[in-house]
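Student: In case you want the letters, here they are:
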Amino acid sequence: MTELSELQSMGTALEGESIHPGTNPQKHLPHTLFRSFFQEERFFLILSVFIGIFSGLAVVCFRYAIDWSRIYLLGSETTASPWRLILAPTLAGLVIAVLVIHVFPQSRGSGVNQTKAALYIYNGYIPFRTAVGKFITSSLAIGSGHSLGPEDPSLQIGAALASILGRRLHLSRDRMRLIAPVGAAAGLAAAFNAPISAVLFVIEEVIGRWSAGILGSVVLSAVSSVVVMRAFLGAESLFRVPPISRVRPAELLAFAALGIVGGLAASVFSWGIVRLRPRLKALPKWTQYFQPALAGVAIGIIGALGFPQVMGAGYEFMDQAIHNQFTWEVLGILAGLKIIATIASFVSGTPGGMFAPALFIGAMLGAAVGGVEHQLLPHLIGSEGTYALVGMGVLFAGFLRAPMTSVFMVLELSGNYSVIVPVIVANTFAYVISRWLQPTPIFDVLTQQDGLDLPSMEELREADVLRVEDAMQPVKDPVLDADDPLERAAQQADKAQSDHLLVRVRPAGWSVISKQELRTMVGEGKGELTLRSLLRVPQISYLHPDYSLDAALRQAYRWPLVPVVSRADYQKLEGVITQQDVLDRYRAVSEM
Amino acid sequence: MSVQEVITENNSDRGLRWYSRREPVILLVLSTMAVASFLAVSGLSKAYKRQQQELGQEWFTRAVADQEGGDLRRAVTEFEAAQLYARGNFVYQLKLAQTLAALGRADEAYSYLLNLREQQPDNGTVNLELARILAKKGDIDSAIRYYHDAIYAVWDTDPEKQRRTVRLELVTFLLQQNAKTQAESELIALQASLPPDVALRTRVGNLFLKTQDFERALAEFRTALNLDRRNAAALAGAGRAAFELGRYNVAQRYLESALAANASDADSANLLKTARLVLQLDPSRRHISAAKRSKIVLSAFNTAGERLQTCNLPTMSGAQGLSTTTQEPSLAVRWKAMKPKLTELELRRNPDLAENAMDLVFDIEQQTSAQCGSPQGADLALLLISRLHESNER
Numbered sequence: 001m002t003e004l005s006e007l008q009s010m011g012t013a014l015e016g017e018s019i020h021p022g023t024n025p026q027k028h029l030p031h032t033l034f035r036s037f038f039q040e041e042r043f044f045l046i047l048s049v050f051i052g053i054f055s056g057l058a059v060v061c062f063r064y065a066i067d068w069s070r071i072y073l074l075g076s077e078t079t080a081s082p083w084r085l086i087l088a089p090t091l092a093g094l095v096i097a098v099l100v101i102h103v104f105p106q107s108r109g110s111g112v113n114q115t116k117a118a119l120y121i122y123n124g125y126i127p128f129r130t131a132v133g134k135f136i137t138s139s140l141a142i143g144s145g146h147s148l149g150p151e152d153p154s155l156q157i158g159a160a161l162a163s164i165l166g167r168r169l170h171l172s173r174d175r176m177r178l179i180a181p182v183g184a185a186a187g188l189a190a191a192f193n194a195p196i197s198a199v200l201f202v203i204e205e206v207i208g209r210w211s212a213g214i215l216g217s218v219v220l221s222a223v224s225s226v227v228v229m230r231a232f233l234g235a236e237s238l239f240r241v242p243p244i245s246r247v248r249p250a251e252l253l254a255f256a257a258l259g260i261v262g263g264l265a266a267s268v269f270s271w272g273i274v275r276l277r278p279r280l281k282a283l284p285k286w287t288q289y290f291q292p293a294l295a296g297v298a299i300g301i302i303g304a305l306g307f308p309q310v311m312g313a314g315y316e317f318m319d320q321a322i323h324n325q326f327t328w329e330v331l332g333i334l335a336g337l338k339i340i341a342t343i344a345s346f347v348s349g350t351p352g353g354m355f356a357p358a359l360f361i362g363a364m365l366g367a368a369v370g371g372v373e374h375q376l377l378p379h380l381i382g383s384e385g386t387y388a389l390v391g392m393g394v395l396f397a398g399f400l401r402a403p404m405t406s407v408f409m410v411l412e413l414s415g416n417y418s419v420i421v422p423v424i425v426a427n428t429f430a431y432v433i434s435r436w437l438q439p440t441p442i443f444d445v446l447t448q449q450d451g452l453d454l455p456s457m458e459e460l461r462e463a464d465v466l467r468v469e470d471a472m473q474p475v476k477d478p479v480l481d482a483d484d485p486l487e488r489a490a491q492q493a494d495k496a497q498s499d500h501l502l503v504r505v506r507p508a509g510w511s512v513i514s515k516q517e518l519r520t521m522v523g524e525g526k527g528e529l530t531l532r533s534l535l536r537v538p539q540i541s542y543l544h545p546d547y548s549l550d551a552a553l554r555q556a557y558r559w560p561l562v563p564v565v566s567r568a569d570y571q572k573l574e575g576v577i578t579q580q581d582v583l584d585r586y587r588a589v590s591e592m
Numbered sequence: 001m002s003v004q005e006v007i008t009e010n011n012s013d014r015g016l017r018w019y020s021r022r023e024p025v026i027l028l029v030l031s032t033m034a035v036a037s038f039l040a041v042s043g044l045s046k047a048y049k050r051q052q053q054e055l056g057q058e059w060f061t062r063a064v065a066d067q068e069g070g071d072l073r074r075a076v077t078e079f080e081a082a083q084l085y086a087r088g089n090f091v092y093q094l095k096l097a098q099t100l101a102a103l104g105r106a107d108e109a110y111s112y113l114l115n116l117r118e119q120q121p122d123n124g125t126v127n128l129e130l131a132r133i134l135a136k137k138g139d140i141d142s143a144i145r146y147y148h149d150a151i152y153a154v155w156d157t158d159p160e161k162q163r164r165t166v167r168l169e170l171v172t173f174l175l176q177q178n179a180k181t182q183a184e185s186e187l188i189a190l191q192a193s194l195p196p197d198v199a200l201r202t203r204v205g206n207l208f209l210k211t212q213d214f215e216r217a218l219a220e221f222r223t224a225l226n227l228d229r230r231n232a233a234a235l236a237g238a239g240r241a242a243f244e245l246g247r248y249n250v251a252q253r254y255l256e257s258a259l260a261a262n263a264s265d266a267d268s269a270n271l272l273k274t275a276r277l278v279l280q281l282d283p284s285r286r287h288i289s290a291a292k293r294s295k296i297v298l299s300a301f302n303t304a305g306e307r308l309q310t311c312n313l314p315t316m317s318g319a320q321g322l323s324t325t326t327q328e329p330s331l332a333v334r335w336k337a338m339k340p341k342l343t344e345l346e347l348r349r350n351p352d353l354a355e356n357a358m359d360l361v362f363d364i365e366q367q368t369s370a371q372c373g374s375p376q377g378a379d380l381a382l383l384l385i386s387r388l389h390e391s392n393e394r
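Just so you know, the sequences run in chain order D and S.
Residue numbers are given in the working numbering: position 100 of the first sequence equals residue 100, and the series is strictly consecutive.
Residue numbers are given in the working numbering: position 340 of the second sequence equals residue 340, and the series is strictly consecutive.
Chain S on its own, in the form it takes in the complex (with noise of 0.2 Å):
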């Protein structure tokens, strides 16, 4: 460095060093306008920030209006304009996320959850939002983990009824996705917070139905019935829980009940009907005398028989009568062979043909419903009268 650069220099900063002597009172003096600037800002800052707040408030208000007629695309104009103003406010741009939603721009939506979410993750809204989109993506997984995260989550409202619709919905979903075995599992888990509500009991029974848990469905429709004896839809529900569990008499009586109450119920009329059928036609049932038990065998031989002519099972015209799978005697031959020996004397006194003869009727019921699907009237009767001696049998 030579001299002229030192002095060069020296001299440069000659003036900053004769205020580096006052830099308190500079410091001071900065400090005081920095101070003074602050509160001028502030009180700007109070304006700007009441007349946004103002602003964002309108435009919600006419949002949630335009929301609530019906108009969602302006509703969401609307709530964009309010997120302009309240920026980052929650309840706005959660608003703005559910109206997107509701008008399948699921992917703006779930832009907005998911940065709600970040937000707030313990929210039971954006989670239920969010599984909802997942759930309508198909992302059963996600939408899965976005419900449970829901049901988890905090609400500020009703916490216990929120998270009770949640996981209904959630069996709802499970079950349209045919996951019953998860399905009932939400339930069962539901089952033991459920409040004394008719309704909801029902609801619940209802879903339990759909599971194929028939035994939980049957007590929660009962437990709805000590709630109101007279409800149509638990009477309903009862009758059917009871008809699939093979207790025809108690579904008869529930289903008689539910009809008393609302006679307009076809599904419990059929179901009536059925499980008069079935109790009709059931030669195995109590207290009936040997004449009854054989002309019902004859009855239930014959309706087979007609079953048979009218389903015209493939293996019925294979070659010499045989079944093509088996190469045993098909079911028109064995009922064909049987049909001379059946009277109702020779019924009467031989109680092993009357089983035979219904071990056939079982077989075609069975093998007919397979093959030319699910029968009507007396045939179904006696199919589900086979499958109540398997039952009873296993």
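Pulled out of the complex, with its shape left as it was, chain D reads as follows (with noise of 0.2 Å):
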């Protein structure tokens, strides 16, 4: 028996043990399909479900309480009085204020970052008086009028409500790990109304890593949020989306523009966030009393001026764009006049996300790139509502620096796939030139800013994959074959230069053997015997050479050599490595 096989027999001896100690399964047949059933993968999927539930019931009671605070603050008409319009953010900021420093300070912040903290820091613990906070004073916040959005504070939620659950169910440290982010998939699913999107994003900027497991428990919770959500708030997507015409070719030219535009204006916005946040949290403690107010004063000027669109997060001003209800000059407007109110409500602390304040200020500018190039192009450029769509997708990538989710959100929210290569293009260009422009993504700032060390999912996603071929020697010294006598393999053996020597087991099998065995067994006068029948270990593990240079240290700790074949064919020889080849590679890359 090989160690490896030993270890596997002890791993399903522990097992069976625990899942059924002192009985014997076969005798309790139902009791053992019961328990089959129900093992910790599917039963993980399950509480998958719940999370969905319990966090697609959350964001709905959000939503409302969301509404609730406008009616209550803002009055029921679309454009409220401009008195009305000043003194409610500015009102709300100041009691914000007081509830974030006094009763939930954890509201603070990004509800993208705590959740990563969660993952990587306190696994998966997520404070249900944050959840509380955020629900509370991000309400408040949005309904009054300040620039933000509900996404992020509803993926917190879920997260939360996840972490609640895990906790009460003393789930081991690594599900507790996973369970947040099943939670904010959840949260986010419902808040956008797209799972598709909120799978990717949590995968991309939350977790970082695709695995099935991981993947499976993320779409469901995020699939029952959205199912739950729209039995209350019904089907219909964020926007109302018009017919999309075919894209021509020569039209990716003119989304390409638009991509450089909203590359340059998520620079700025990130700019502004990255610049200003830190110097108001210096300023004294009591000046965050009343930052908040001060956004809010700020805020309530640009509504009562003539642009109310600004305020709250502006999901139907988002759907008049796409529908070409504002002249290209006012569409600039309020991108410029977006980006000023967000960033200083978030800067100020107000809790909030800021989903829907990029994809409005993407729409706006979309709409207004679109717009000004239909005045210059009028029989190349389509219709601006396309370009609406599209500056969304292209704020989120540039913004927030979530290409994958950038081009899928825009695709579910319009559920027309002949944007699909407009919002590449676009993507594309925005993404590149952010990331020149500011090379540490927003995330990863305000991180920083907190003063936490969480992974960059954009690092970790271009991170060099070190892979076995990195590694591998070519093969110098002669290869055994185990057919061969004893006597035979000993001479072969002499010429070589290492201790151990490869020994090909036919038909695909390999084996490894030191000069010294081969020695002491010829000195025992088994020199005519088969090399075959003396080999101590019949089989050892091999690897292919595009394995990943980590799978090949697990490996070549247990053996003196391990041979890299062929994937089409298992005893063609590409090269060996050993334990040093692999750590010398490792040590190589950390010296660049």
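Quick caveat, the hints were computed from the structure, so don't treat them as lab data.
Please note: incorrect hints may appear among the correct ones.
Short, incomplete list of chain S residues facing chain D, as computed with Cβ under 7 Å [to be verified]:
no.	residue
1	S37
2	A81
3	E108
Even for Gly, the Cβ is constructed at its ideal location relative to N, Cα and C.
Using the hints, put the two chains back together into the complex; each one sits in its own frame.
Tutor: Below is the structure:
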């Protein structure tokens, strides 16, 4: 029995013992079937559905709370009186500041980062108070007209609910770490009414890696939360999307221009937050009582001056932009003012998210660019509504740096696949320009400003994966054949430089033997026996050149020499690798 | 996988496994919690939706009042507010779209209507509004398509009447686009389903007049007159239709009745005057003496001569009095050449001379009409007589 099979059988034994203590599973077949159905993985999947249901319900209540805040603070009309527009966000700002400073200190900041912190630092722990705080302060802020969105708080409320559920069920540390992102996906999916985008965003920005176990739970929670949300709020998407005509190839240049403008706008937006946030945080603590209120005054004045569209999440105005209901000049002004209003709201410490403002800026900018291009090239440019939709994706790619999510979000919101090429073209430009002008993504900067050290998902995505082929060495020593007599094998081994030699075990296996072992066995008079009959380890593991170096390390520490073979022919040796080769490669990379 | 790894993994899942032995209980508790939360949120949702509905209705009522009061700008804001609380409400969206269209904000209205059409492709009002917007935009083909969709769409109240109204609007639109043949075919389709309504029949008759289908127009006016003998509009229409068909006796009768019913009808009065002149100046009419016929020919010849002088045709100044286009003697030369021969006595003796004289008169009236515009009075009557003769000869 090899070392590996020993370990595997030991693991199975441990598992069996813990599941069926003192019983024989064969004797209790129905019970066994029941047990196997409720294995941990499946139980976690079922739990994900419940997380989705609870998150969906919480997001529905959150949406109601925002609407009620708006109705009672700003009135039921579409545009309130100028005094009300100024007073509502100002007074709400004062209340929010007191709540954030004295009652819910954790509700300040980005929900995405707090969920990441729960995953990487706090073992999935998010206090219940954070969820309550986010719910109250964000609904008050958004309802009173602060330029923030409900998606980020929804994400955090979902994550917090999942965390509470995990704690109550005393889940293991590994599961607890995963449970916060599962809840985050549910919260975001319900807020956006877009499950695919939510799943992608959580994978792309929170977890940073794909695996079947995580994906299953995240998808289940996202879908169940969306189903619950739709049961209460309806299946309509956030925007009424007009029919989108097929985009002509020449028009892609126009979308590239939108990508460039969007990339610049995203950089300005990020730059404003990155520069102003630490400065305001550094001010004396008493000023924090007034910062949200001052932001409220600024936003209220913008509203009173004739641009109330920048207040709140602004979905209805994005919808209007998609339907060409503003001139390009107004759209440009709205995009600029929204950047100012959102920076003011966010850096003042008012709880709320930046997803909706990013979408708003993108929609306005997209429609504005589309409008200008339409005036310059009326026969080339299609509907401005298409540009507004693409613009949303552009800001998402440029500002939030979530390229995959940005593409799928537009597809999910528009329900039209003919925009996929324009979205990819524009997003690529925006992403590249934003990276050039603002090398560190906004979430990473915010993390650093908060004094946390969380992994950068962008860096993780782009990190070079070291593979076996990067560390393996060419075969210099002779390769022995298991069917050769020991005498002949020993003669061949004498020509070898290293102490260990590979043995080809036909039809498709490999083994390893040392020179010393060969000499000893020859000395014992076994020279005429075949090598196969004398091998202590009949089979060892082998690697392929495309395996990760991490996988190679796990094998290389068990065997002195590991064969690297072709995927097409397991008897064809591509090279050999040792533990030292792997370590040398890691060392070389770390010194670069 | 090392022994340590296996042990660690087993330890880490031990808590979960402890619970996995109690899954039925946990699932039951979670399900109960989910149901309870669902019920609680449903209660909250009912209160929320009730409030939203009330607010939507309140703003809608205000908007309709302002729309009816003519304050369309305010109505749009109020419809938008109503929409905010009843997102997806078909009626609110339709009203908003109609108000936007009335305000001239066609693009906004169009996008709302397209959205509504996606929801209800067979809705007559939506298709009609879309047709109107596209008609204003000049997208004729799409407008006609939407008009047809509206005609064959579903209408909630009085579908026959609605379809008729839409078709009449389509005919008017087609006539504006000078698509007379298409308009005529729409009218023929409409004719089959017209109710016994004098005003409607008269309107259709007038539209047939515009498509220059005078026979059908006369038939429609006659149907209208069967329902109301003294209807001034129908009488005037019938008079015009008969006039255009060259049935001047019939036209005279209808027009006299029309003027009797409505003395201020200037168009009918003019037509009647012309019809009477046609009847008076036509030398080929029956039951007149040879002397009277000669006088009519002489009078027509002199009238044409005057018209020739007034019009001053460019060919008249051609070298040697020849027409520049045909190299034939010009009308003036021919008229001057014939003038001395024309006496009452000679005309009575020589019927061919009378015929030649009238041919010259017709040539003069037709050419002067082409060169100098439509004539008036006796010249117009002579021109109409010439056309009548041409059609009779054909």
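Student: Work down the list of hints and note, for each, if the structure agrees.
Tutor: Now for the hints, and whether the structure bears them out:
Here the hint on S37 (chain S) is kept, as its CB sits about 5 Å from the closest CB of chain D, short of 7 Å. The interface hint given for A81 (chain S) holds, since its Cβ lies 5 Å from the closest Cβ of chain D, which is under the 7 Å cut-off. With 7 Å as the threshold, the beta carbon of E108 (chain S) comes within range of chain D, its nearest partner Cβ sitting at about 5 Å, so the hint holds.
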